[in-house]
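Based on these hints, arrange chains D, A and Y on the given structure of chain P.
Listed below are the residues making up each chain.
4 protein chains.
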Amino acid sequence: MSEIGIALLGLGRAGSFHLASLRSLPGARLRQVYDPDAAKAERVARETGCHRARDAKQAVTAAGVDAVVIATPTLTHHGLVLAALEAGRPVLSEKPLGVRPEEIDQCFERAREEGVPLLVAFQRRFDPSFAAVLEAAHAGEMGQLQFIRSVSRDNPVPGIDYIRTSCGIFHDCAVHDLDMVCQIAEAAPEEVFAFASSFIPEIGAVGDVDNVAIALRFPGGLLATIDVNRKSAYGYDQRLEVFGSGGMLQVENRPRTLAVRASEAGIARPPADHSFPTRYRDAYRAELECFLDCVRGKRAVPITHEQVRRSHAVAEAAERSFREGRPLAPDV
Amino acid sequence: MSEIGIALLGLGRAGSFHLASLRSLPGARLRQVYDPDAAKAERVARETGCHRARDAKQAVTAAGVDAVVIATPTLTHHGLVLAALEAGRPVLSEKPLGVRPEEIDQCFERAREEGVPLLVAFQRRFDPSFAAVLEAAHAGEMGQLQFIRSVSRDNPVPGIDYIRTSCGIFHDCAVHDLDMVCQIAEAAPEEVFAFASSFIPEIGAVGDVDNVAIALRFPGGLLATIDVNRKSAYGYDQRLEVFGSGGMLQVENRPRTLAVRASEAGIARPPADHSFPTRYRDAYRAELECFLDCVRGKRAVPITHEQVRRSHAVAEAAERSFREGRPLAPDV
Amino acid sequence: MSEIGIALLGLGRAGSFHLASLRSLPGARLRQVYDPDAAKAERVARETGCHRARDAKQAVTAAGVDAVVIATPTLTHHGLVLAALEAGRPVLSEKPLGVRPEEIDQCFERAREEGVPLLVAFQRRFDPSFAAVLEAAHAGEMGQLQFIRSVSRDNPVPGIDYIRTSCGIFHDCAVHDLDMVCQIAEAAPEEVFAFASSFIPEIGAVGDVDNVAIALRFPGGLLATIDVNRKSAYGYDQRLEVFGSGGMLQVENRPRTLAVRASEAGIARPPADHSFPTRYRDAYRAELECFLDCVRGKRAVPITHEQVRRSHAVAEAAERSFREGRPLAPDV
Amino acid sequence: MSEIGIALLGLGRAGSFHLASLRSLPGARLRQVYDPDAAKAERVARETGCHRARDAKQAVTAAGVDAVVIATPTLTHHGLVLAALEAGRPVLSEKPLGVRPEEIDQCFERAREEGVPLLVAFQRRFDPSFAAVLEAAHAGEMGQLQFIRSVSRDNPVPGIDYIRTSCGIFHDCAVHDLDMVCQIAEAAPEEVFAFASSFIPEIGAVGDVDNVAIALRFPGGLLATIDVNRKSAYGYDQRLEVFGSGGMLQVENRPRTLAVRASEAGIARPPADHSFPTRYRDAYRAELECFLDCVRGKRAVPITHEQVRRSHAVAEAAERSFREGRPLAPDV
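Protein chains in written order, with our numbering: chain P, 1 to 332; chain D, 1 to 332; chain A, 1 to 332; chain Y, 1 to 332.
Chain P extracted, bound-state conformation (with noise of 0.2 Å):
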């Protein structure tokens, strides 16, 4: 099994545990690295023994790359993708592909021409936890499904200049838990309609909202309620309920540590794990793996074009419903 030469765009938040996972996967090496930051990059080249790329698109191309992870800010993600593909590299991205569905459908497209693998990070479908409630779900251990709430509050709330270049809360969180939503339910929406408010000053004055209630009404009666915050005061609070006939699903948050304090005062466990770097570390690592099991032609593409441009939808359709007052289909 031979080494994967990767080439890593973008060292902020996603990149550095993208980084953490290439440093202890066998199989994949890094080859290139590249960051607005210089100094960063340089830092991480000379730890890592790898070469510090001057821009973006002549990391991609280098010679012994032979896949590209893709961490750099929202925007200029569809820009880099299409390079990257255009190179012949297969492609693990950071969402959105785009902002318009028409990016993203042009993404796909052009990575089915030739013939590479595209992967978008819907990271949540690799950790373990969430993977079983799935896989539960769909194997009918709680029957007809009936009802599903997902739920995802940020700690801590990301800086302002990250919001501003989100494309706002529904496109960058909550299409997260849409994207989990649908694929329990194994369709899209007919109905979304969503309430959303802003208690964090600084996101409202970006014209974002930080607080949001959906509801959402599938084919054949199966409904869900999805609710996100921009910061929650315990940790990062991620779970989900799938609700059928033969009983419910969850996944409970992770406490920090197995440590537990009984006192007059009651019987106190850790808050949740602090953000997603801790609790999706074995998630970033699965998809990675994934990833490389894709390049070397082991594994199909899990994510689909079809399932990223229904997410992108629905998400679509829920801030429509919510600057618009009525519940609407998502144009799926």
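Derived from the structure by calculation, the hints contain no laboratory data. Since this is a predicted model, take the numbers as computed values, not measurements. You may find that some hints are simply not true.
One copy or two, it doesn't matter: identical chains are merged, so the pair holds either way.
As the list claims (entries may be wrong) - With a straight-line cut-off of 20 Å between C-alpha atoms, the simulated EDC-like cross-links for lysine to aspartate or glutamate are: (1) K40 x D55; (2) K298 x E3; (3) K231 x E252; (4) K231 x E141; (5) K57 x D37; (6) K57 x E114.
Then chains D, A and Y, alone, in the frame of chain P:
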């Protein structure tokens, strides 16, 4: 402290746990009992040493009766409440007081005129766990409230005869969640939206639904979702979640016993309490104690006319939102 | 089914919850009540409409008394049990029946001679959680049993007057754990070893200890440990763990309410139930129901002479092991 | 911060997770790897770009090696530790350093003479959950300590070849519990008593036991129990309980995933982590990071000669107590 003589009307689901509380509460004495099933009423009268009334109105006006507990079928509440109030007797009644808001108003106005307490049995308010969360939320323990979720899943499914005269799931079940959510919010919602569906053919056949998702928007940006289902395989499921800037309050379910089984198959606890008589045993008792205190003038009725009317109006708006497919402002 | 007339002796810690059960149990009627505190007994007699006996023996032999419940101070049990049995009355007595094993034997022999049931109140046996674990263990759910751990931590600390006449922590507290452990093992241990110490000066001052660790070895290699403490800050702590080749059974504590608080400080549940009257409310009631069934001849006494004697002998061996600093074989 | 060159001896159970940590830790570089299985060592050498040593002592003294990690079979530890120390190389070694206390002393004395750090791998000390409890106990969060319970149940059962040279369950397993208990107590016990038995015929056949209960008495009246078993059906079970006048600290097990299944059969979570490599992943990494800090002189070795000797002596006393059937004072 003299004993309060009680007339208990109805010995069905609700009546039987009121009976159990009455047996063990010092300060109350059962004087009259009525149920259309004369044999059942006779048996209870014999066991408790009280009198079996031949009809409900006779029980209400009998000598020695200081207060009336009404647990008869839904559609009879209104008439019996009025009859008892007109006889100058304090009333504890299962909800609803009537099917139209005017009927609720009429009861409370009559109670005011007669100067006697009228307590509507929203028993969740008296449950130690719900009460603790309500109190902590109002005390500001979790900072500014941003999101509430309430879930009620029934077990077992009530008989179709009950369903038929229950006024529908919005007024029969969801109204408890709506009461709690509005109580925590200390407000009526500005807008309500609901999806609903039926998975139980018998329930669909009588025009009712058994699976409901409600979204609410309150003044100031507080949002809420409620989900209700008639049939929960793992036991009676009654949970609450109140999220604010400082953290989250929750009410969990209680497992049937404290036994745990750990094996290769996993770590298993028993399902939730089977149903409301065990889950709310302490709440029903506390409700009755509160009622006795109201009768003695030691305490004001904690569930006000305005609150009962508000819960009714929001349930009505939720049902109409579902029927009409659009968000509605409740008529409060 | 005719009502059973009950004489209740003692209205202290144990007597008061027997009183509460008796008020609500159909099938039993309180006829006589006795307590050295005449005013308290008078008040109870008035509230329940029964007769206050001037002395305990008079209560036992009074007309209308079909059975006797003994909840008086420890050192009076033996005499009162014998008096009731001699009067041909079935007895439910708090443990111990006496301070020496011969006294236990004497009581059971007298009960056998009189042909009336004698039930010793090891209430943990009637608790639904402990009973479920006991049943599962005997049903072989966890395969071959290898290790048992029982823990009992009291809250609040009983008054020093109680402690002084309690026969010591081994016979007063640990005997409940020993009864349960031997019952699960279906055997007496071959060897017992104990360490103990005192952290509460008042208890140490009367020659008792308040912190105990016991190790037991049963035939076939099953081992057990028991730890007992008089003062648990986080509430009454009563847990059990049964480990076998197929897994583990546990009894957990019950939090005071189902409310959860999640904040930056962690995820907090309330402390355990304050003490035995709430923790064992259902157990005490089930125990009394069992006793009524025994009185009616519908059920054999489930706690046998041999079992009561065994628990006493093992408690005795544990205490002596601690005093002598060496492992001992209990005299069973 | 220059990279520390590491020689890793042994690629078995312990060696493989040290390898995983070493791959991902910035600041360390694997230089030499040795295992009696030359093919395995060759493969690792190739994957990590390091040199395969032909024998262990050669690895230790090779150029570029700044520090040595020893994860070879138990009985080889002593010789290799001494060889590495004599070569002036800091050592991280799996326990035990030897089978007799003099061997432990010899290693630490040599380390002192050479002025190089020697860290014995009691990895539980580096686990965030155990460390949090240890710290809270010493900070007085639970007041005066009165009782400790530690439980370790293995899964899966190690192979009989491992068992045969493991020095017995007291020194191989219970020593971790004893280390933690004594560390919390900040003392050696005055007396130790143990029962033990065997339920796994292969283990009994080689003269070892697989089921152990130990009781300990510390100065001042603090008591402890430890129970250890070689085979836990529900996964690797590693719990701790520290009880004091102010409450209780606990370390719980971590379920394999965060998924929950609620059905008529109950509420089920997955079994505990399968075994030490996953349970202690973070601990092993933190241990290695600590070792690197010790090598760089940034931190003193946190596990002292006296502590290692104490744990050995108490394990020895526990085993002898079991063999001789009487309580013993450890030779510390």
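How the hints compare with the structure:
no.: 1; hint: K40 x D55; result: within (14 Å within a copy, 40 Å between copies)
no.: 2; hint: K298 x E3; result: within (14 Å within a copy, 36 Å between copies)
no.: 3; hint: K231 x E252; result: within (18 Å within a copy, 23 Å between copies)
no.: 4; hint: K231 x E141; result: between (34 Å within a copy, 16 Å between copies)
no.: 5; hint: K57 x D37; result: within (16 Å within a copy, 45 Å between copies)
no.: 6; hint: K57 x E114; result: within (17 Å within a copy, 53 Å between copies)
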